[in-house]
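Trainee: Mind docking these for me? Both chains are given alone in their own frames, and the hints should help you get the complex.
Quick mapping for you: the protein sequence lines, in order, are chains L and P.
Per this note's numbering, residue 422 is the first one in the first sequence, and the count goes up by one each step.
Per this note's numbering, residue 278 is the first one in the second sequence, and the count goes up by one each step.
Derived from the structure by calculation, the hints contain no laboratory data.
No false leads were slipped in.
Facing chain P, from chain L, some residues (calculated, C-beta under 8 angstroms):
hint : residue
1    : Val-498
2    : Gly-499
3    : Trp-500
4    : Pro-501
5    : Pro-502
6    : Ile-503
7    : Gly-504
8    : Ser-505
9    : Arg-507
10   : Ser-510
11   : Leu-511
12   : Asn-514
13   : Gln-515
14   : Arg-567
15   : Lys-568
We treat Cβ as the ideally placed atom computed from N, Cα and C, and that holds for glycine.
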Amino acid sequence: MITELDMGKAESELELGLGLSLGGGTAAKIVKPGGGGAWGERGRLLTAKDFPSVGSKRPADSASHAGASPPRSSQVVGWPPIGSHRMNSLVNNQATKSAREEEEEEEDVKKKAKDDETKDVVTKKVNGKVQIGFIKVNMDGVAIGRKVDLNAHSSYENLAQTLEDMFFRASPGTIGLTGQFTKPLRLLDGSSEFVLTYEDKEGDWMLVGDVPWRMFITSVKRLRVMKTSEATGLATRHQDPKERQRNKPV
Amino acid sequence: MASVSLLFVTLLSVTLYINIKSFILWDQSQTFLPSLSDSVLMDRRFPFKVLEHIFSFVDSNEDRNSVSLVCKSWFETERRTRKRVFVGNCYAVSPLKVARRFPKMRSLTLKGKPHFADYNLVPDGWGGYAWPWIEAMAARRPLLEEIRLKRMVVTDECLEKIAASFRDFKSLVLTSCEGFSTDGIAAIASTCRKLRNLELRECIVDDLGGDWLSYFPETSTSLVSLDFSCLDSEVKLSDLERLLSRSPNLKSLKLNRSVTLDVLESLLRRAPQLVELGTGSFSDELDPEEISKLTKALSELKQLKSLSGLWDLLPEYIPVLYSVCPRLTSLNLSYATVQMPDLIDLLSRCSKLQKLWVMDLIEDKGLKTVALCCKELRELRVFPSGADLDETDVTLTEQGLVSVSEGCQKLESVLYFCVQFTNAALVSIAKNRPNFRCFRLCVMEPFAPDYRTQQPLDEGFKAIVERCKDLRRLSVSGLLTDKAFEYIGVHAKKLRMLSIAFAGDSDLMLHHLLSGCESLKKLEIRDCPFGDTALLENAAKLETMRSLWMSSCFVSFGACKQLSQKMPRLNVEVIDEHPPKTRPDSSPVERIYIYRTVAGPRLDTPEFVWTIHKKPEVGVSRLAIR
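Okay, chain P solo, but in the shape it has when bound (with noise of 0.2 angstroms):
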């Protein structure tokens, strides 16, 4: 940011120098202007080859999305060397209008549906279809490179039309996609011959069989990464194999469960240069030859930064990753079923480590060697083993985040899960480590308490808020008060995304967070009480987020309605999937979904979703639909 300032600075003073008219843009960076000519361009203002050098510097896409608003000529300059395009709703413009807004455009980054699609709360069938978006690219940008879509409707038309239609394409990345079979993936695999990337993270895949990896041509060679964890068959060893030999760019592969540890080594010695390994099962008997070769070629992966996958890990194996471990500074043990001391055995050996996800199984006594031994970590997420519900005794309580939070100095990312909580742990992880940026704390039993207090858990969270003044995303739980969102709304300034269920008492706790947060710009919230009065206050305030999730909360038809006449640049959604007959004004909706867009109401909206645009006589005059 600080480079950026400086150029702004440079820039501005030169052009002042100039004298320039320049005007400043009040709509939101999204509005499109016709097109300058070159020669406008040149005459007097900075020669656009100079901008175009100095822009070139400009990575992050907020700092150009703030560079395209100062002037129409810097507006075309940055529309025309902008090569990353990201679009964290695809509902909030239309496909066309980026396609033509950036002619260099070399990547383009999706997002679909509402981040709680991620917990079965969004029905199937709302929407985030992939294919308008690439249809309109791939009859406008042919040389788009690389597609990122997360949370997308992706079907095998989707995947076979970048196949044929981009003749360099080279990246797909897709995240908790679904809607598509490994025939798609074959398309990929067979036509895109300058392919880097396929990596295929959560996502929920059609799996017709392993055959899909076959279709790799012989001559490809070109593969840097490839990940397959979330299918479910099993490919053929030889295919795989081959593939690997004759991939020395291969920094990244992620395997699916189905591949046995019996053939982990052979194909590890065809690949020493990865960076990245995602392991399949675990859990096969070796004899102690098979041991020690595998124990061998692990350690031959001298490049090794980063392990994933693990299922069902056996404790009798730790041993062979002990080679490997100095080096790690990611470990990925959320799948793997092993107990603390076996978990103790393996972190103490990870000095380097920056990224930890592992279960509850860790316990206290397993995060306290993390706070001795990880010095580096940055980023802690613990997931549930469930192990609670068996009533198995595993003790994860609050102290396990309190050690790492003292030990680990550079910690600023953490997600744990934890039946309950305390204020005061709050409180002194709050005091130890002020550098959060990502804090989301699960406790898993709703509205409960300070287990020692009885107290509800609004001061522990008013310590977060306050001392972490970086704090770009929140996620409460336990038992909160109006207060805990008063406090948030006052002290939590850069906050981006926040993540609320089962809290608050009345209207008061929206209205503190809406008014407060300056920088909001996601709010997801469920089963709070709540929703007309506070919503219909802030209205103007939801044009400057992205989104706003509402499920299970006190919002009526009537406010729905509302808010959708008064607010024409919001998409408002009421999404029911079992709509009255009958719907009164005063009946609750089950779950509301608003966001800021640019392109109008949506044309692909299912049956279970209403929006104003579907009954026009309920008063829709002032909206135009196109």
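So here's chain L without its partners, still in its complex pose (with noise of 0.2 angstroms):
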């Protein structure tokens, strides 16, 4: 019967930590592993530190430090345990929540001279809003889909250098999904050999990048990494839904 097992010699060899698995997608930060194998390249075990909150009620302006913060709950992969599909509907709500209660706040500041106070208010209002939601992302060529938490991105640059990591790895000469060394694409500027779209809510597949980020969130369901030659054609959000028919993708 074992009650107490020795622990120094597994201490001195784990003193490095533990890398954060993050999944399918990326949260917060993600430190890209080196050569060598070292544990602390790739981050830390989650520990109560990181959850600065905890004992006592969520301060509201955690929320606010936009690149420091540590990982919320709701941004640790897989936390809390809620299935896709009801996550889903929670990011619906929250959309449709936000939009609404977006519409009245910005009429509410129309209506008050300008202030500096009630701007910040809806600043930080936006910014306490969270949104969880993973969707899928698919590339061409690739057997294996990956999935992507667009909550832990802000804007599209964001979004494309996380994938970019995911499918061709930026670090050169190392070997990606693709099998293949490659040179860091520029899936953004129309430059490279591929192109990202998405579909949105009514079934469409669209350019990525032309609508404003928040509302791109709220309308996509998954996301795909399209060859630029197939990617002719496709919609885009200032086109008229006749046009956009036909001009659907095969």
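Mentor: Spelled out as structure tokens, the structure:
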């Protein structure tokens, strides 16, 4: 019967900390694994210190530390443990709620005199709304689809970077999912072999980048990294629906 | 169980009387013996026909597994009479062996991916393919009538194969599956003439449109249950109306969100015999006449016991549901974004309710109403609405669960999401309800201590496992030390499934569990600070379990190799989405999935899953690769 385990040896080996597993997507920060397999470079095991609001009601301003924020419980992959169907439903609820509330707030702001405080309130509230949602990303020619947490990104650049890391590995000379050595791409500016597209709520496939980021994340259903050659005729937001019908990709 | 023991006693005494030399099979029940001819079985043993008749009363597969271990003739008789086959891990045994063992198989249930796949912890492409099973059954068991799959990858080819191969096919139930499109569903609908059940529960389907519904032939009248609630696109109303009109046996209908409220009345009129109804969206604007018609249609559902769907339920439509409430035994409000006062209005009329799923919008006050009014309640699930993130005031605390545990004497299954908790509450709950079989508490703030005392929740969970002697399933959360797991190891003797996240201090935690929980079958752990030592010390335990999942823990690659070498009847899978170029023994692994198997190594692992069989030079000499 073991009452005390010999932890001495184990501890010295574990000293450098453990890689933070981030499932099929990304979250706040990921430190890319360098050579040599040292644990420290892969991030840390989440501990209580990472959740500063523990033990007290979650303070409103913890949400506004954008870049340097510790991972909130909703940004950790797979936490809280809610199935994806339910998660997506929550996203929809949040989206329609925030859309409605934003409309109301914008009206309020217009009514009042230009007041810095009011503006701050609006911004703060917007930052405080956390939407939970992973969406699937597929790439032409790659069998394995991935999932990406839109909420963990703040802009198209951000998202494109993550996707490039995911499918191509930005560091030169590494073999990514495609199994080839590749140079970093620019998915957003049309200068590479691939473009980033998405399917919206109506089922249409569109080029990513035309609409404001926040509008994008409420309407996107899934992403696809498509070969530029196949992407001709894709709808952009500004086309009228009739044209869109004609141009639907086969 | 009592009736089975009686059977055993009877049979045993009879066999002793006849002076048979019986021998016990020490191996797992999946070891297959050469079949014995009927004449041998008849000779000096209980006649096959009599045994067969007795076994026909043994329903539970667990009992049947025990029966099959008694002696050869019991094994033979049992296997020839088993109709419903359940395989909890599709990689634990080969499809061919299962097909051969059970010639009378009529129903097959399979589970694929580990449970944590539901929370995106298992990368896409890991496995769980239905195809090999469907292919094997199509070739050998063409009389198969029912296929139930959970967390498996099902392609359109699979569905087409089912439609083409099983002429009496009656029932397809897919839960949390993916990989198929509505084309595959159309194939099932159009070809399976005797189809009774078609249920897609929370599947990820490539939705190519609502045409699939029109593929049910005009002659098909056999439908008993239809669930397409997870699909997105609209089905044609006329198709659906006609289908309902010609399906007098339809008992369960679950619509998807795209079915709007204005058409619901017309559908219900054609299916007044429904026992289970999942509505579509409940938020369109109806004029008073439409509302009155809908109210009447719902009141005509005299057999209705279960209600779900109710997406975006508007408070003004709650009175429409009044008529069905008194009969309801199951109510799923977890997609209904109504507030507490409206929920109270509804729930106070549901005196027969046994199962309630709701969001935290119900608040403590709403749960108090449930405690007062729903005395038959057996299962409660409270899901987060995200409202707390909105900073709107949703007061759902531990008190809500305490009230329900006080008021609902029959409560035995709970899933409760809450921001924080206290030991005192857990102790009360345990005292009130020692009859819990399933207790899943998710304190959403990782590492959250008892918010009143700042202590870990060890004592609270201790009370739960001490008092609830019949506990089969437990999920723990909040701040927990190794002590909590010591308590669980000591007391939770009937526990079969345990889920842990962000807990514990050291390897002792895992050691307590693996050495203490006798009935443990499934253990899933994430983000806990232990690994190698306890795992290797308790390796033998792993063969008595279905599976162990560990992610973001301190397990090293070397330990995985060691475990693989030591335990040939386990498959040890290392799942690393970003494997480093070199893999020293001390390097940590992202995820490890270990399960017992008699099927040997998987042959369909993707590149990001490592097993010892992939790198033979690492040292695999005793393992025979089949």
